[in-house]
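As a plain string of letters, each chain reads:
2 protein chains.
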Amino acid sequence: MNASDVFVIGGGIVGLSIAWRATTRGLTVTLADPDPGSQATRASAGMLAPVSEVTYTEEPLLRLGLASLERWPAFAGELEAAGGIPVDLRGDGTVEVAYDADDLAQLDELAVFEEKLGLRVERLTGRQCRQAEPMLSPNVRGGLLARDDLWVNPRRVAQALQQAFQNAGGRLVRERVTTLEGLPADHVVVAAGAWSPSLLPGLPIRPVKGQILRLRGPRGLLGTCVRGTVRGSEVYLVPRDDGEIVVGATMEELGFDTRVTAGGVYELLRDAREIVPGITELELAETFAGLRPGTPDNLPYVGRHGDVWVAAGHHRAGVLLAPLTADAVVAGLFGEADLMPECTPARI
Amino acid sequence: MNASDVFVIGGGIVGLSIAWRATTRGLTVTLADPDPGSQATRASAGMLAPVSEVTYTEEPLLRLGLASLERWPAFAGELEAAGGIPVDLRGDGTVEVAYDADDLAQLDELAVFEEKLGLRVERLTGRQCRQAEPMLSPNVRGGLLARDDLWVNPRRVAQALQQAFQNAGGRLVRERVTTLEGLPADHVVVAAGAWSPSLLPGLPIRPVKGQILRLRGPRGLLGTCVRGTVRGSEVYLVPRDDGEIVVGATMEELGFDTRVTAGGVYELLRDAREIVPGITELELAETFAGLRPGTPDNLPYVGRHGDVWVAAGHHRAGVLLAPLTADAVVAGLFGEADLMPECTPARI
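These protein sequence lines are chains A and B, in that order.
Under the UniProt record's numbering, the first residue of the first sequence is numbered 1, with each subsequent residue one higher.
Under the UniProt record's numbering, the first residue of the second sequence is numbered 1, with each subsequent residue one higher.
Don't read these hints as lab results, they were simulated from the structure.
None of these values were measured; they are calculated from a predicted model.
There's no promise every hint is true.
[What the hints assert, rightly or not] Ranges of calculated distance between the beta carbons of each label pair, as one might list FRET restraints:
| hint | chain 1 | residue 1 | chain 2 | residue 2 | range |
| --- | --- | --- | --- | --- | --- |
| 1 | B | ASP257 | A | SER233 | 51 to 57 Å |
| 2 | B | GLY220 | A | ASP338 | 53 to 59 Å |
| 3 | B | PRO277 | A | ARG71 | 45 to 51 Å |
| 4 | B | ALA101 | A | PRO277 | 37 to 43 Å |
Cβ atoms here follow ideal geometry from the backbone N, Cα and C, with glycine treated the same way.
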């Protein structure tokens, strides 16, 4: 094996982004993954939504999300040019809808918070929700139109990153790395998601299972990205240009379990059809489960950790935070200022 | 192509059974199917239940079902010996359960009817249902224990039939037959299920779509076969020895459409979990849709039809009626008495 400047372990969206960005800064990079983009990245719907029900009490994560969202359009543009694969970055608007009075009250709090942050968010009545997205159920009580949210196709992003990385001279090794001993590089970056602790024992990352569905129907059935809370339970429907709609996602703490279950699929379909009844006619084209890398404080670990660099633990925000994380790690490799100081592994 | 005594078109359970039985009577038989056992037979759960909510007003079908059920144990025994593949014939009891008062009233009518026929059927309270099958929901109102019902694994049956047929010298041609012209045999049998009218225009058989799920869990989770009506909608859960549970099935009149849909899967999971809540923890291992061959009077066509023989249109009863149908067609080939006179194609 030839020596590289950098050896990246893990070919999810985070590892691939770091590897690509490092090659474009002139470093020689090797990335090892038995099947790049096949785990949490493959399961992700690709919503780039820094503000949502689950994050708005977590200010540091929010700051990082907004900073990375800002980088996404340029990141996607460069990536498409370098990788030759469109990544379907879209921003036609996200409608966040509430199904019952409790859901609506929660959404109102979110709106106040988003306005405070200076984000463009409009409150919608039920009727206005259906004007924005005609496929919404008559039962939708009200909602928000979040104009700044984007979404992207993470599978395409992973393909484009692989291509761009290799086009730039990066070396992809389709193998699983089982030890940090003797890797032929000056710098090692562990970006192995939920599997990172097998290389770095003591790193407090745990797998958080997410089940997801892919429905297939006519193009344009859904014009906007739809997020909803249905009786307190969160669901989203993310449309692709080709007529695919991704419905996600469960949150389950079950260890390294990637079984698609009857209960997981049932709950996703139940909640999705409550807010978009028309999905019942669509083909259920795929069911899949991935493992998000969760951390105790919901922030990823990005930075120096002993002899290596780590970029893992992005939980639900791996796709959103990939551009910022890549820039942060590459800046670190060059000894530049830390772009994600909140995420230092030193806090463990 | 060598000439045969008999040329069977269609390798579902009906065509395979005819082909095997004909070879065992000393005839030379060719069977043509691009992928035997891959359509309605593959979708079937394999319940051998002549009496159920949908059939008890249909006396001729009931008579045929009872006659074929009687043949199943010997048929399965001979088949396992000849094909070398166990077919999982089980008779540990079927519990038919009711979810609400209307469902219970319907089940009571069914019990009266079954008793009149001399079938062994016991009425159960909700508590007795749960004694018979501990996985049943506390919400189950009551039910019946049908001791005479059997069930079988149709995929195994199809494999065993292929093997037994070929072991007996039968010739399997993996091709689609598109015309009845010039087939090299004395007798032609059309057993092509929902596709039969493409060979026999005017045969009033239509596809009736059925979606089905396969769940996977620990062996013995469910000890009995469970059939239920949940708010008027029928669902069944059929356990296999290896821990698989088949959940079925939708009934949809949509032409030659075999898409698995969000709505179909949702309804099956919703109803199944109402009567067996524990299924939510099981892996959703497979979703599938097949096309039952439906007829205007719900009876199959079995008998002479112009220059050919036909054995098609078995709708939901293909697995149940396969042994009787095979015996009837082979008897016809030998000029013996008609075992299924109700099913003559002359009634078209």
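Going through the hints against the structure:
For the hinted restraint 51 to 57 Å between B:ASP257 and A:SER233, the CB-CB distance of approximately 31 Å leaves it violated. One distance hint, 53 to 59 Å for the beta-carbon pair B:GLY220 and A:ASP338, holds here, with the actual separation near 56 Å. B:PRO277 and A:ARG71 have their C-beta atoms about 46 Å apart, which keeps the hinted 45 to 51 Å range intact. The hinted window of 37 to 43 Å between B:ALA101 and A:PRO277 is violated, with their beta carbons roughly 28 Å apart.
Of the numbered hints stated above, those contradicted by the structure are hints 1 and 4, listed in ascending order.
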